[in-house]
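Top to bottom, those sequences are chains A and B.
Anchor point for the first sequence: position 141 equals 141 in my numbering, and the numbering is continuous, going up by one each time.
Anchor point for the second sequence: position 44 equals 44 in my numbering, and the numbering is continuous, going up by one each time.
Honestly, I wouldn't trust all of these hints.
[Unchecked claim] Cβ-Cβ distance ranges computed for the label pairs, FRET-style:
id, chain 1, residue 1, chain 2, residue 2, range
1, B, 205, A, 21, 45 to 51 Å
2, A, 182, B, 33, 42 to 48 Å
3, A, 24, B, 99, 51 to 57 Å
4, A, 164, B, 206, 38 to 44 Å
5, A, 27, B, 99, 47 to 53 Å
6, B, 178, A, 181, 37 to 43 Å
7, B, 44, A, 206, 48 to 54 Å
[As the list claims (entries may be wrong)] Now the stretches of chain A that chain B is said to cover, found in silico as 3 or more residues with beta-carbon under 8 Å:
id, stretch
8, 4-15
9, 37-44
10, 121-132
11, 142-155
12, 221-233
Worth flagging that the hints you see were computed from the coordinates, not collected in a lab.
Cβ atoms here follow ideal geometry from the backbone N, Cα and C, with glycine treated the same way.
Number of protein chains: 2
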Amino acid sequence: MLYIVGFGAGNHGGMTFDAEAAILRSDIIVGYTAYTELLRKIYPHKEYYCTGMKQERERVEYALEQAASGKTVSLVCSGDSGVYGMAALTLELAEKMAETDIEIVPGVTAALSGGALLGAPLTHDFAVISLSDLLTPMEKIEKRLECAAMGDFSVVLYNPSSKKRADYLSRACDILMKYKSPETVCGYVKNIGRDGEQSRILSLNELKNTSVDMFTTVFIGNSETRCIHGKMVTPRGYRNV
Amino acid sequence: MLYIVGFGAGNHGGMTFDAEAAILRSDIIVGYTAYTELLRKIYPHKEYYCTGMKQERERVEYALEQAASGKTVSLVCSGDSGVYGMAALTLELAEKMAETDIEIVPGVTAALSGGALLGAPLTHDFAVISLSDLLTPMEKIEKRLECAAMGDFSVVLYNPSSKKRADYLSRACDILMKYKSPETVCGYVKNIGRDGEQSRILSLNELKNTSVDMFTTVFIGNSETRCIHGKMVTPRGYRNV
Numbered sequence: 001m002l003y004i005v006g007f008g009a010g011n012h013g014g015m016t017f018d019a020e021a022a023i024l025r026s027d028i029i030v031g032y033t034a035y036t037e038l039l040r041k042i043y044p045h046k047e048y049y050c051t052g053m054k055q056e057r058e059r060v061e062y063a064l065e066q067a068a069s070g071k072t073v074s075l076v077c078s079g080d081s082g083v084y085g086m087a088a089l090t091l092e093l094a095e096k097m098a099e100t101d102i103e104i105v106p107g108v109t110a111a112l113s114g115g116a117l118l119g120a121p122l123t124h125d126f127a128v129i130s131l132s133d134l135l136t137p138m139e140k141i142e143k144r145l146e147c148a149a150m151g152d153f154s155v156v157l158y159n160p161s162s163k164k165r166a167d168y169l170s171r172a173c174d175i176l177m178k179y180k181s182p183e184t185v186c187g188y189v190k191n192i193g194r195d196g197e198q199s200r201i202l203s204l205n206e207l208k209n210t211s212v213d214m215f216t217t218v219f220i221g222n223s224e225t226r227c228i229h230g231k232m233v234t235p236r237g238y239r240n241v
Numbered sequence: 001m002l003y004i005v006g007f008g009a010g011n012h013g014g015m016t017f018d019a020e021a022a023i024l025r026s027d028i029i030v031g032y033t034a035y036t037e038l039l040r041k042i043y044p045h046k047e048y049y050c051t052g053m054k055q056e057r058e059r060v061e062y063a064l065e066q067a068a069s070g071k072t073v074s075l076v077c078s079g080d081s082g083v084y085g086m087a088a089l090t091l092e093l094a095e096k097m098a099e100t101d102i103e104i105v106p107g108v109t110a111a112l113s114g115g116a117l118l119g120a121p122l123t124h125d126f127a128v129i130s131l132s133d134l135l136t137p138m139e140k141i142e143k144r145l146e147c148a149a150m151g152d153f154s155v156v157l158y159n160p161s162s163k164k165r166a167d168y169l170s171r172a173c174d175i176l177m178k179y180k181s182p183e184t185v186c187g188y189v190k191n192i193g194r195d196g197e198q199s200r201i202l203s204l205n206e207l208k209n210t211s212v213d214m215f216t217t218v219f220i221g222n223s224e225t226r227c228i229h230g231k232m233v234t235p236r237g238y239r240n241v
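Go ahead and model the full structure; you've got the sequences and the hints to work with.
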């Protein structure tokens, strides 16, 4: 049996009861090293198998093999198991292997946990976009930023930066400003639910000149988003409907 | 103290530990009748205050007043507290009232819980759009559908139908088909995590001719989404990057 578990931001409170049940039921927990370290603090007596970044395929194959051999396995993802998570790759690789029972356990993705810390940025229609061009052509990412801005979506950016992509957030802000005002209310949250958690509300123009790291999630409001008592608030609808 | 709690789909397993803690700590649970009924099954001994649809403002004011009078209150939302939830309206109305401590507790929204049931439709960039034109002009909704399709986003539709809006999903599919193939892999889930849960995978063209109700969440794939062993799977990236 293989569970693909989204365990939320990494604190116990943000995890679902189903996620904990899957982890407790498992003989082995498989995941990216940084994530299994978070879980080890909560469940120190479980057996873990960890691999580094970019070893997703190897990790998923290991989880599938262990499950096929009769073990109960949790393949863990921070946030949700689907959103930029391991569920799709597992279903793709499982196609070519011995049949295994797979259950996907959803979790609170950073758009939701980070949004709650900032206020209520995602009350209305929104788009989620990753700025990582590791598996996606840059033109595709830029097109999506432009379309999201054109549609006046609130936008959440995942993977907004890395050492190799230090200027990506700034470029993304430029594209968004083709259609969004430089005064658009924005926010970001770093280390959601973990040590060193911090958040900030700022304008799109300020965001353009701000450096964030890869543990940050960025929120860009729609045309109605306001800052109320230091919170980022997108209303439920449009005035004058 | 006022908690705005996203309690997930409505089954206990899909709730976070923080959501349960807020509910157990509260003197009174405030919410839309259909949602408080779900919670009453799990927490039968709590005190509830329920109001009907379209009485959001009255409900939020009641919750704020109770909290201001010194009670601990949970204002509950199905799914997430932010995404089409009550967090924004509460922060807006709280602006004009006596200061109250407000904590927003995020939850697993239907895009994630429904996605997990269908497979992994939201692995990559996606847009969430509500088809309800109660508080949003129809032209704005149509523009967003068009922009989301143009950007090759996977799309999740909330509130895809109601008695007054029986043809909205069909019209939305027509707009999406300006840029998406009629063969695009789609899916929908009804009554997620509740009695009568059901899901189906189908093409965009089939979806256009399908009736769904207001308890249904609809998923439209991107150009890479495939159906694998009856599951809707959007890959992590694009081939040939």
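Here is how each hint holds up against the structure:
1. 205/B <-> 21/A: 45 to 51 Å: For residue 205/B and residue 21/A the Cβ distance comes to about 39 Å; the hint is violated.
2. 182/A <-> 33/B: 42 to 48 Å: Given a distance of about 44 Å, which is inside 42 to 48 Å, the answer is holds.
3. 24/A <-> 99/B: 51 to 57 Å: Because 41 Å falls outside the window, the suggested range is violated.
4. 164/A <-> 206/B: 38 to 44 Å: holds, 43 Å
5. 27/A <-> 99/B: 47 to 53 Å: holds, 50 Å
6. 178/B <-> 181/A: 37 to 43 Å: This hint is violated: roughly 27 Å between Cβ atoms.
7. 44/B <-> 206/A: 48 to 54 Å: At roughly 49 Å between Cβ atoms, residue 206/A and residue 44/B fall inside 48 to 54 Å, so the hint holds.
8. 4-15: holds (count 6)
9. 37-44: violated (count 0)
10. 121-132: holds (count 10)
11. 142-155: Held - the stretch 142-155 of chain A has 9 residues with a Cβ nearer than 8 Å to chain B, which meets the minimum of three.
12. 221-233: Since 4 is at least three, the answer is holds.
Violation of the numbered hints given earlier is confined to hints 1, 3, 6 and 9; the remaining hints are satisfied by the structure.
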